Structures are given as structure tokens and as C-alpha cells.
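2 protein chains.
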Amino acid sequence: MLARIRARARSVGAVIAGIGDDAAVLRILPAHQALVTTDFSLEGIHFRREWHPPEVIGHRALARGLSDIAAMGGEPIAAFLSLALPPSLPQAWVDGFLKGLLKLAKTFKISLAGGDTSESPAGGVLIDIVVVGSVPRSKAILRSGARAHDRIYVTGTLGGSAAALSLFFSGRKLRARDFPQHFRPMPRIRVGQVLRQRAIPSAMIDLSDGLSTDLAHICSESGVGAEIEAEAIPTAKLGKPPTPVDRKFVLDGGEDYELLFTASPGRRVPRHIAGIPITSIGSIRPNRGIFLTTEGKRVKLAPQGWQHFDRD
Amino acid sequence: MLARIRARARSVGAVIAGIGDDAAVLRILPAHQALVTTDFSLEGIHFRREWHPPEVIGHRALARGLSDIAAMGGEPIAAFLSLALPPSLPQAWVDGFLKGLLKLAKTFKISLAGGDTSESPAGGVLIDIVVVGSVPRSKAILRSGARAHDRIYVTGTLGGSAAALSLFFSGRKLRARDFPQHFRPMPRIRVGQVLRQRAIPSAMIDLSDGLSTDLAHICSESGVGAEIEAEAIPTAKLGKPPTPVDRKFVLDGGEDYELLFTASPGRRVPRHIAGIPITSIGSIRPNRGIFLTTEGKRVKLAPQGWQHFDRD
Numbered sequence: 001m002l003a004r005i006r007a008r009a010r011s012v013g014a015v016i017a018g019i020g021d022d023a024a025v026l027r028i029l030p031a032h033q034a035l036v037t038t039d040f041s042l043e044g045i046h047f048r049r050e051w052h053p054p055e056v057i058g059h060r061a062l063a064r065g066l067s068d069i070a071a072m073g074g075e076p077i078a079a080f081l082s083l084a085l086p087p088s089l090p091q092a093w094v095d096g097f098l099k100g101l102l103k104l105a106k107t108f109k110i111s112l113a114g115g116d117t118s119e120s121p122a123g124g125v126l127i128d129i130v131v132v133g134s135v136p137r138s139k140a141i142l143r144s145g146a147r148a149h150d151r152i153y154v155t156g157t158l159g160g161s162a163a164a165l166s167l168f169f170s171g172r173k174l175r176a177r178d179f180p181q182h183f184r185p186m187p188r189i190r191v192g193q194v195l196r197q198r199a200i201p202s203a204m205i206d207l208s209d210g211l212s213t214d215l216a217h218i219c220s221e222s223g224v225g226a227e228i229e230a231e232a233i234p235t236a237k238l239g240k241p242p243t244p245v246d247r248k249f250v251l252d253g254g255e256d257y258e259l260l261f262t263a264s265p266g267r268r269v270p271r272h273i274a275g276i277p278i279t280s281i282g283s284i285r286p287n288r289g290i291f292l293t294t295e296g297k298r299v300k301l302a303p304q305g306w307q308h309f310d311r312d
Numbered sequence: 001m002l003a004r005i006r007a008r009a010r011s012v013g014a015v016i017a018g019i020g021d022d023a024a025v026l027r028i029l030p031a032h033q034a035l036v037t038t039d040f041s042l043e044g045i046h047f048r049r050e051w052h053p054p055e056v057i058g059h060r061a062l063a064r065g066l067s068d069i070a071a072m073g074g075e076p077i078a079a080f081l082s083l084a085l086p087p088s089l090p091q092a093w094v095d096g097f098l099k100g101l102l103k104l105a106k107t108f109k110i111s112l113a114g115g116d117t118s119e120s121p122a123g124g125v126l127i128d129i130v131v132v133g134s135v136p137r138s139k140a141i142l143r144s145g146a147r148a149h150d151r152i153y154v155t156g157t158l159g160g161s162a163a164a165l166s167l168f169f170s171g172r173k174l175r176a177r178d179f180p181q182h183f184r185p186m187p188r189i190r191v192g193q194v195l196r197q198r199a200i201p202s203a204m205i206d207l208s209d210g211l212s213t214d215l216a217h218i219c220s221e222s223g224v225g226a227e228i229e230a231e232a233i234p235t236a237k238l239g240k241p242p243t244p245v246d247r248k249f250v251l252d253g254g255e256d257y258e259l260l261f262t263a264s265p266g267r268r269v270p271r272h273i274a275g276i277p278i279t280s281i282g283s284i285r286p287n288r289g290i291f292l293t294t295e296g297k298r299v300k301l302a303p304q305g306w307q308h309f310d311r312d
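Here the protein sequences line up with chains A and B, keeping their order.
Read in order, the letters of the first sequence correspond to residues 1 to 312 in this note's numbering.
Read in order, the letters of the second sequence correspond to residues 1 to 312 in this note's numbering.
To be clear, the hints were calculated from the coordinates, so they are not data collected in a lab.
Errors might be hidden in some of the hints.
Unchecked claim - Quick list of simulated restraints, FRET-style, between CB atoms:
no.: 1; chain 1: B; residue 1: Lys300; chain 2: A; residue 2: Ala92; range: 57 to 65 Å
no.: 2; chain 1: A; residue 1: Arg49; chain 2: B; residue 2: Arg48; range: 55 to 63 Å
no.: 3; chain 1: A; residue 1: Pro265; chain 2: B; residue 2: Arg198; range: 52 to 60 Å
no.: 4; chain 1: B; residue 1: Val194; chain 2: A; residue 2: Asp178; range: 54 to 62 Å
no.: 5; chain 1: A; residue 1: Pro136; chain 2: B; residue 2: Ala199; range: 31 to 39 Å
no.: 6; chain 1: B; residue 1: Thr107; chain 2: A; residue 2: Pro30; range: 46 to 54 Å
no.: 7; chain 1: A; residue 1: Gly171; chain 2: B; residue 2: Gly289; range: 55 to 63 Å
no.: 8; chain 1: A; residue 1: Thr107; chain 2: B; residue 2: Thr243; range: 52 to 60 Å
no.: 9; chain 1: B; residue 1: Leu89; chain 2: A; residue 2: Glu231; range: 41 to 49 Å
no.: 10; chain 1: A; residue 1: Arg49; chain 2: B; residue 2: Pro180; range: 39 to 47 Å
no.: 11; chain 1: A; residue 1: Glu50; chain 2: B; residue 2: Arg271; range: 55 to 63 Å
Predicted model only: the values in this text are computed from it and were never measured.
A virtual CB, placed ideally from N, CA and C, is assigned to each residue, including glycine.
Make the full structure from the sequences, and use the hints.
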């Protein structure tokens with residue numbers, strides 16, 4: 001198994017020693033710090049084999065980790081894959097999974113530099129992805145830097161991934177190419193780096209759990225509150241003709257992997273970076289609590305934590 | 001859950017930002033490289049809750065990763081814990097698990113700097129541990145450096161962990177304090193560092209899968225063979241009076257977490273480092289194949305890969 005992965009994963013760039021030793025050896029640039037993030041993708045919790053093709057599961061597993069590096073303004077270096085498989089799983093599934101994962105790795109010029117393999121004890125595919133990145137010393141963008149009166153921005157459009165998921169739950173079969181936000185989310189690595197290089201964000205997070213939850217993380221770590229304008233939030237469109245998704249997906253749907261950041265009110269923020277639209281959706285308030293203004297009414301916005309697949 | 005872990009895990013030393021952000025930020029010393037290793041500990045594969053107390057499972061999960069850093073001659077910096085739990089698991093179990101893990105982390109002065117938590121999809125506890133370390137630039141000790149005529153050495157005694165496990169399989173109940181090699185293996189961090197500082201090893205690996213398998217890894221990566229002397233291998237003793245464990249555990253038993261290394265024949269190797277005995281057990285041969293000499297007979301030694309708990 002490890003030999004098959006190794007045959008497909010070539011070490012490039014910063015990876016001095018990868019698969020085949022006790023630990024990988026990584027070069028970190030002078031005057032840089034290392035970034036490390038780990039993310040589970042567990043069958044039945046984060047994906048279903050009957051819904052998601054193996055290439056999509058590989059892509060999404062790695063995208064979760066890359067998106068965390070993007071949210072720090074970092075550059076990804078290497079990925080590590082811990083993979084437990086049911087004995088009955090066809091080799092073609094594993095090949096497809098690795099294909100999807102390695103294709104995304106290639107897009108961002110990172111190596112699969114190690115990991116672990118095991119039999120899965122209870123029959124489901126278990127994936128844990130580690131992504132290591134780097135960032136110039138003390139330039140990582142944390143969640144804790146938001147200040148009162150900062151503006152709040154998001155990249156791209158929100159709700160597309162969760163809306164697709166709800167179609168799965170309603171019994172629809174979906175083709176991956178019609179729902180790219182759900183099946184092949186693109187981590188905003190380039191946008192995060194440009195924002196960091198221009199020292200625009202005071203705080204940043206990726207939208208993996210949903211706007212209401214991830215904004216609450218920023219506010220909690222920064223000791224502030226927020227107010228957002230419902231009509232300002234860029235809403236994903238699905239179907240033909242393209243129709244905006246329900247607001248619940250925009251506010252609470254997870255796995256869009258867009259970036260949410262804050263910037264001081266005097267800071268000029270581009271409308272696009274690397275072709276991705278950037279939209280102002282509200283502002284940070286000195287007092288705790290997150291509020292949503294919609295059609296002139298102001299309501300409290302509770303974090304509706306993204307519960308992945310355990311809704312049913 | 002993450003909040004409970006965070007409350008217990010304090011960032012020290014090289015961890016600039018830990019739990020609570022999208023990724024941890026780690027300081028890597030100038031002129032050093034980063035080491036990264038990931039290890040699953042899955043219920044039913046690597047441990048059983050009915051056999052192993054939660055503190056022991058936490059200790060062993062982290063020990064696996066630390067031992068990989070030891071085998072590179074590295075210094076551990078931080079650990080990351082991905083933890084999926086059955087909903088019915090008592091909080092006391094989680095507290096015990098974290099206690100065991102964090103006690104070992106404290107021993108080696110490393111932080112628990114992040115990770116991921118999830119519900120376990122099929123009822124078993126799923127653990128993936130990442131350990132990040134560092135090593136002076138190009139000084140990491142790889143598996144690939146063994147050369148013909150190098151001597152082969154091991155630290156400590158072998159077979160104690162697998163022999164204890166076999167008692168579990170035979171229906172015995174074991175007290176953790178009577179079987180420290182199985183319940184609380186101590187990663188040989190200090191020994192690995194001293195060996196690296198003195199530039200003694202040409203190649204090194206930790207004994208996680210068993211001597212026959214891990215020596216085969218060294219030989220395969222180095223393109224060489226080996227010959228070991230059965231009577232020279234330091235054998236663990238168990239019970240009262242202490243009795244040497246069966247040779248099968250010494251040769252094929254995993255999870256001793258001792259170090260196996262090679263050194264050129266002219267190199268002086270101490271008999272002890274940091275109180276741990278170091279024993280010469282054989283030598284590297286130019287041709288492939290691993291042989292065991294016992295009572296004057298020479299037999300081929302096949303790698304009997306450590307299969308963890310899937311023997312029954």
C-alpha cells in the first residue's frame with residue numbers, strides 16, 4: 001500500500017526526505033515559520049462513498065488542509081496522508097482517491113511526503129490529512145487580530161457546497177461537474193498570500209464550518225462582536241437557470257473553503273484578487289454578539305455549527 | 001471537546017500559535033530542518049479499550065510519533081492530535097487519555113499544538129498523532145545510509161512489548177506497572193540525539209514493527225543485506241523470576257520503540273547512552289538478504305511484519 005503511494009508521490013522542492021523514512025525532513029526557508037494543520041475526512045461523517053467519487057474524496061480531503069494554510073496567508077510545502085482502508089475496498093478506489101489528491105497537490109506544487117496506512121477497524125475509509133506550510137516570520141494572519149470597526153470581507157460566493165449536499169439528502173443524484181463548489185472546492189492559497197503580502201487582513205479564517213460559526217471563531221479569539229448585512233453576502237447560484245441558494249446555506253452551510261477576513265476601515269481592499277471577487281459584508285463591533293441585519297431588522301446570529309453528515 | 005483539550009494543552013517554546021487558529025505556527029531554529037511524522041492508533045487495530053487503560057492509550061499514541069523523531073536523531077517540538085470519539089464514550093475516558101498523552105508530552109517538553117476532533121463514524125476511538133521536530137540541517141539520520149561491513153546495534157532489550165501482548169491474547173489480565181515495555185514505552189529521544197551529535201550512526205530506524213521487519217527496511221533503503229547473531233540480541237525478561245521472552249517476540253515482535261542503527265566498523269560505540277544499554281547484534285553485508293546465525297546454523301530471516309491486533 002505504502003509502496004503504491006510512494007510510486008505515485010514524488011518529492012519536490014522543500015522535501016529533503018519523504019516517504020520511506022521514520023519522518024519526513026522538510027526545508028523551511030530562512031526567516032520563515034512552519035505552519036501545521038490536520039484534518040479528518042471520515043466516511044459517514046465527512047463524505048459518503050455512494051455519493052462522492054474517489055477522486056472527489058481525495059481532492060476534498062487535501063483541500064481542507066490547504067484551505068487552512070490559505071487562511072494563515074501561508075505557502076503550502078507538503079502533505080501527509082494517514083489512510084485506513086477496509087480490506088474489501090477495490091484497488092481502483094484507492095487509485096482514484098490518490099489521483100484526485102495528487103492532482104490537487106500538483107496544482108499547488110506540493111509533495112505527498114509521508115503518512116501512515118492501516119486496516120480500518122470497522123469498515124469505513126478513514127483519512128487524516130496533514131498539510132505543512134510556511135510563512136515569513138511573524139506574518140501569519142491569526143484569528144485574533146480583529147478590532148472594533150474593522151470591515152468584514154469574504155471571497156467568492158457562499159452556500160454552494162451545503163446546498164449541493166442538501167440535494168444529496170433529498171435523494172438527488174448529482175454530477176460532480178455541475179456542483180464544483182461541493183465536489184472540487186479550490187483553496188484560496190493565492191488570495192491568502194496576496195492579502196498577507198499587502199498586509200490587508202487584521203484577522204482571517206477559512207469558511208469550513210459556515211459563516212455564522214467561523215465568524216464566531218474570529219469574534220471569540222479577538223474578543224469582539226460583529227454585524228453583517230444579509231443582502232450584502234455574495235450568494236452561490238445553482239441549477240439552470242442559475243438560482244441563488246437558500247439563505248440558511250449561505251449563513252450556516254460549511255465547506256465552501258472561501259476566506260473570511262477583517263481589515264481596518266481605512267484599508268483599501270481590492271474588489272478581486274487572482275480573479276476571485278472580494279465582498280464587504282459587515283463590520284466588527286466592540287461588544288460581543290453577532291448580529292444580522294436583513295430588510296431593516298436586526299437579529300442575533302447564532303453559530304449553527306456545521307454538523308457535516310450527522311443530520312440524518 | 002477542542003476547548004477541553006485546549007484548556008489542558010499550553011503552548012511552550014517553539015509554538016507561536018497553537019490550538020484555536022486555522023494552523024499552528026512553529027518556530028524552526030536557524031540552520032535546522034523540520035521533521036514530520038504521522039501515526040494512527042486505531043481501536044481494534046493498535047489497542048483495545050478492554051485491555052489498555054485510557055492513560056496508556058494516550059501515552060502509547062504519542063510515544064509512536066516521538067520514537068520516529070528519535071530515529072532521525074531529532075528534537076521534538078510539538079504534537080498534533082486528531083481524535084474521533086464514539087458519542088457514548090465517558091468524559092472520564094477522554095480525560096484519562098489526555099492525561100497520559102500530556103504527561104509524556106511534558107516529559108519531552110513539547111506542546112500539544114493543534115489537531116482535529118470528530119465523532120467516530122463506527123463506534124471506535126480513532127487517533128492520529130502528528131509529531132513535528134527539528135534537526136540541524138542535513139544531519140537527520142536516514143534509513144538509507146547503511147554500508148557493507150557496518151556493525152548493527154540496538155538499544156535496550158527486545159520482545160517485551162509483544163510478549164505482553166501475547167499474554168493478553170491468551171486471556172491474562174495484565175497490570176500496567178508489571179509490563180512497562182508494553183504499557184509505557186519510552187521513546188529513545190536522548191539516545192538518538194547523542195548518537196547524531198557524535199555522528200555515530202550511518203543509518204537508523206525505530207523498532208516499531210519488529211527487528212526482522214525494521215532491519216529489512218534499513219537494508220531495502222540502503223541496498224544491502226545483513227547478518228545477525230541470535231545469541232547476541234538483548235532479550236527482554238518478564239515475570240517473577242524474570243524469564244527471557246520467546247525468540248519469536250525478539251525477532252518479530254513490534255512496539256518495543258528501541259532504536260536500531262548501523263555504524264562503520266571503525267567507529268567506537270558506547271556501551272550505554274543516557275543509561276540505555278547499546279548492543280552489537282551483527283553486521284551489514286554487501287549482498288541482499290538477511291540471515292540469522294543461531295547455534296552455528298545460518299538461516300534466512302524473513303520480515304514477519306508486525307500485524308498489530310489483526311492476528312485473531
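Quiz item: Which of the stated hints cannot be reconciled with the structure, identified by number in ascending sequence?
Solution: 1, 2, 6
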